[in-house]
Amino acid sequence: MFAIETDNLCKSYGKSRGISNVNLQISKGEVFGFIGPNGAGKSTTIRTLLNFIFPTSGSGKIMGFDCVKESKKIKQLIGYLPGEVNYYDDMKIIELFSYSANFYKKDCTKRINELIDIFQVDASKKISELSLGNKKKVGIIQALLHEPEVLIFDEPTSGLDPLMQKSFFEVLKDENKKGTTIFFSSHILSEVQEVCNKVAIIKEGKILKIEEISKLRSAQFKNITLKFQANEEAEFMLEGAKNLTQEGGCTNFLYNGDINNIINSLYGRKIQNLLIEEPSLEQIFMHYYEKEEN
Amino acid sequence: MNLFRREVKRNFTGFVVWSVSLCFYIALTMSMFPSAAKNDASLNQFMKQLPNSMTKAFKLDNISFSNILSYFNINIGILLVLSVGIYAMLLGCGMLSKELDDKTIEFLQAKPITRSSITTEKILCYTLYTFMINVVMFIATYISFQFFKTKSYSLKTLLLVYVGFFLVEFTFANLGLLVSLFVKKKKASTNISLGVVLGMYCLYTLSGISDKFAFIKYLTPFKYADASDVIANGYINSINIVILIIVNVVAVALAYFVYNRKDIPT
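The listed protein sequences correspond, in order, to chains A and B.
Take any residue in the first sequence, count from 1 to its spot, add 351: that is its number in this note's numbering.
Take any residue in the second sequence, count from 1 to its spot, add 8: that is its number in this note's numbering.
Just chain B, with the same shape it has in the complex (with noise of 0.2 Å):
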């Protein structure tokens, strides 16, 4: 475990940098949250002019400003799962990459460490703070809610919401994992990494617009965990959590079958 809590210690830094920028997101829109509730029938009077394609792809039919999940959702929501997805998909690719990039692999592979357990430990560690900011985000939200709400809310819809989230993001860190063993150049597997989760965000947006996009849902993460949808129902697709796990069992698997027969470029 000696990796494990180098890797911990090497981005906790990070960790707490993109914790507090997005509470501090999260406190200041749902501080908002009561005059936006108050003024519900003249934003969906506003929301009713907007084009009914726009409405569509940013989500944003069938909301109530008076429902602080919806506000949530809008608002936030979004912004935090593509925030923390690029984050996820960041540090899963910088496991590697960086050591691979700064030939630092060298030293570590000279240790008596297996390469399984190299990218086990690694792996731990993406977990874990991808796991750790959605439970200091889903508190921010907790304490924000509690502050600000006008009426009662469904506290497990929320929880569900961040159990998707979570999915998403770490769908994307193990993507990152597998980016980091193709790509030799640090640069390049963050370009990718970045690429990949504003990319997946686009099918997202346009697959929304028209049905005749609709197909693309099913290549994005983003839908399988879609927060308007679990906000409406209730739950989360059970099917939908199953093809994201298989996602990443794949991807993982890949990643330790790739590594384990890799040569270390000089």
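Only chain A is shown next, with the shape it has when bound in the complex (with noise of 0.2 Å):
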């Protein structure tokens, strides 16, 4: 049994938006990352499998339930971050704690504590007072403190500082050793390499890919952009280089083999500048495009 299942998922609403056959196997104890950008078809796919919104066709399980029949089995097991997080502006950090700890009918006030120690949020203080990041980071002690066995997070990461990133992939690592399933969406690939052990990207409602996160590695481009001195030639040509551009001195490529090459090649030439930098998103579905279309 998978934690989480899509057979042939579809949500078509409004004229363009929505997923088209998504089809995802992640197996328990798996971080998964789910990358796409805005309006790939993320958020969708998420609230589809919440029973947010309904399917058009096919289906989807998690933990073996049905997201439409037995959605509230899946609640019980599942913690969820929203992408926008908005809760009730009357109350107070605490009083939401506990009024979400009181719809699974066990005590978790040990645990929101240890939440709270973590993430350093002062839980006296209203939800109307806090800004995105904090509510952000109350979002994800809700979605924590039930001790759920799956993860579901929607964009968890956007808003937060980077100190704050990392106390909260700790906290992923540590969920996950407990055997927790993690399954969340980003647009940043790098965050998502991080604590991943596989991910699909997404494009316009559609599965691009589906990989482990140890082969994207070994598959990793860079993206190289070099300047070359005034007085030299900027004429620059290496085997493996892709989508070359030369521009105003400036040569741009993405590039898969041994940087050493790279190295050899512009040695004795005289260079202003070069980067080499991890590719945008952008880059690598252009990358994935062109081998689909090959």
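If you are wondering where the hints come from, they were derived from the structure by calculation, not from laboratory data.
Heads up, some of the hints might be wrong.
Calculated pairs, DSS-like style, for lysine-lysine (alpha carbon to alpha carbon, straight line, at most 27 Å) [as the list claims (entries may be wrong)]:
1. A:Lys486 to B:Lys231
2. A:Lys517 to A:Lys477
3. A:Lys423 to B:Lys195
A few chain A residues that don't get close to chain B, going by computed Cβ distances all over 12 Å [stated by the list, open to error]:
4. Asn359
5. Gln376
6. Ser394
7. Phe403
8. Ser422
9. Tyr439
10. Ser449
11. Asp458
12. Ala474
13. Ile478
14. Phe520
15. Lys529
16. Glu562
17. Lys573
18. Ala592
19. Ile627
Cβ pair distances, simulated, as ranges [as the list claims (entries may be wrong)]:
20. B:Tyr264 to A:Ser410: 18 to 28 Å
21. A:Lys456 to B:Phe32: 41 to 51 Å
22. A:Phe405 to B:Asn199: 43 to 53 Å
Ideal placement from N, C-alpha and C gives every residue a C-beta, glycine not left out.
With the hints in hand, could you dock these two chains into one complex?
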């Protein structure tokens, strides 16, 4: 049995938005990243799994329970953080936590206090007084406090400062060690790489690729930008360079091979600047598009 | 019942404010009853000078200021059923429209609670408050009657008047719930709720003006438990009650049906 499974899940609404034939299989204990640009269908997939919206066709299961018919059983087992955190303005943080905990019919006081410590939240504050980042923290605690078996996070890190992101990922790793399955969406590949075993890339409602992180790493492209000094010949060629563009003395390309090859070919030439970066998500998508077309 | 408790707590202040102000109005208006009763003859003389259509529209025909129940109905009852009707419809409407508009519905629906239970617990909350506000109003009215009555009256009739009020207001509450499922914005659904209650009241008034408009009365809940009829007859027409109950059952069933199939908007 998979922790999360979808079978040709489709949801169409509006004109262009929606998802079509999404097939995901996430094993228990896996940390699964769901990557795509804004509007690609990440939230739609999650919202369908949680039965906020009804699938047009296909089906989804969480821990073996049907996402439409057995939604209540699913909710008992999951913790969810929405992309946009919206809570009751009239409540204090601690009231929200106990309200949330009461739905699960178990005592979560100990875990709540632990999480409050980790995320440094002032629980006596009113929800309406919170900044976006603090609201997100409250959302994360709210999703974790009943110690769920499956965690579903929609863009969890947006709005968190780097330090908080770090503690958040630590918590995720701890949760995962306990056997918790984690499914989270993001539009930033690097943050997914850090914690995930597997990623799915989605664009325009369709899954482009599902890949284990280790494989993605070995097939990892670097985005390389070169600028030669003014008196140096700007011509540059290298075997294996993709999408090579040259403009005003600047050379830009994607490179998948041994970095030493670049260093060797540059030896003796006068360089003003050399950038070796992670490619943007768009560039990776382009790569997968090209593969698909071939 | 976690959600029910939360809703009861959240709406308590509103309940107290409405109750206190309406109780105050009841007590104040009833305190003027003894002097009105004393001037019954001259007031009746004055009423006769009013245009016939006007007295009919505002149900001022066949009343006696010395009858405490008629006095109550004219000076308090109409305003009461109208105000509590608005209160009930806003309450019913606010139950889901607030969660939908503030997007807290995502929090709620990620918890182990079915959509039907959400609907049920919210209905229970506004049923409780619509019922309780009538209990409070009834007690306030009863106490004022004991204080200011000039002769004995039928307590049973007063009770029936309130049963009628409750049925009408509860109908509005259920219609409010239904409105909130079709109108996305809280502000819009609040305005629609106000419009519906006031519009229904206008129809009710219109139906009294002329026999030509008499058919309209079947469209407005106010007519089905008309306090002036209850006071005149001493009972509520049972067919009217049946019709009101059917309207309520249909509205509630439709609310469950719609919400159980509704896509939560982003």
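The hints, checked one at a time:
no. : hint                             : in the structure
1   : A:Lys486 to B:Lys231             : violated, 49 Å
2   : A:Lys517 to A:Lys477             : holds, 25 Å
3   : A:Lys423 to B:Lys195             : violated, 31 Å
4   : Asn359                           : holds, 19 Å
5   : Gln376                           : holds, 23 Å
6   : Ser394                           : violated, 7 Å
7   : Phe403                           : violated, 4 Å
8   : Ser422                           : violated, 7 Å
9   : Tyr439                           : violated, 6 Å
10  : Ser449                           : violated, 10 Å
11  : Asp458                           : holds, 14 Å
12  : Ala474                           : holds, 17 Å
13  : Ile478                           : violated, 10 Å
14  : Phe520                           : holds, 22 Å
15  : Lys529                           : holds, 20 Å
16  : Glu562                           : holds, 29 Å
17  : Lys573                           : holds, 36 Å
18  : Ala592                           : holds, 42 Å
19  : Ile627                           : holds, 39 Å
20  : B:Tyr264 to A:Ser410: 18 to 28 Å : holds, 24 Å
21  : A:Lys456 to B:Phe32: 41 to 51 Å  : holds, 43 Å
22  : A:Phe405 to B:Asn199: 43 to 53 Å : violated, 29 Å
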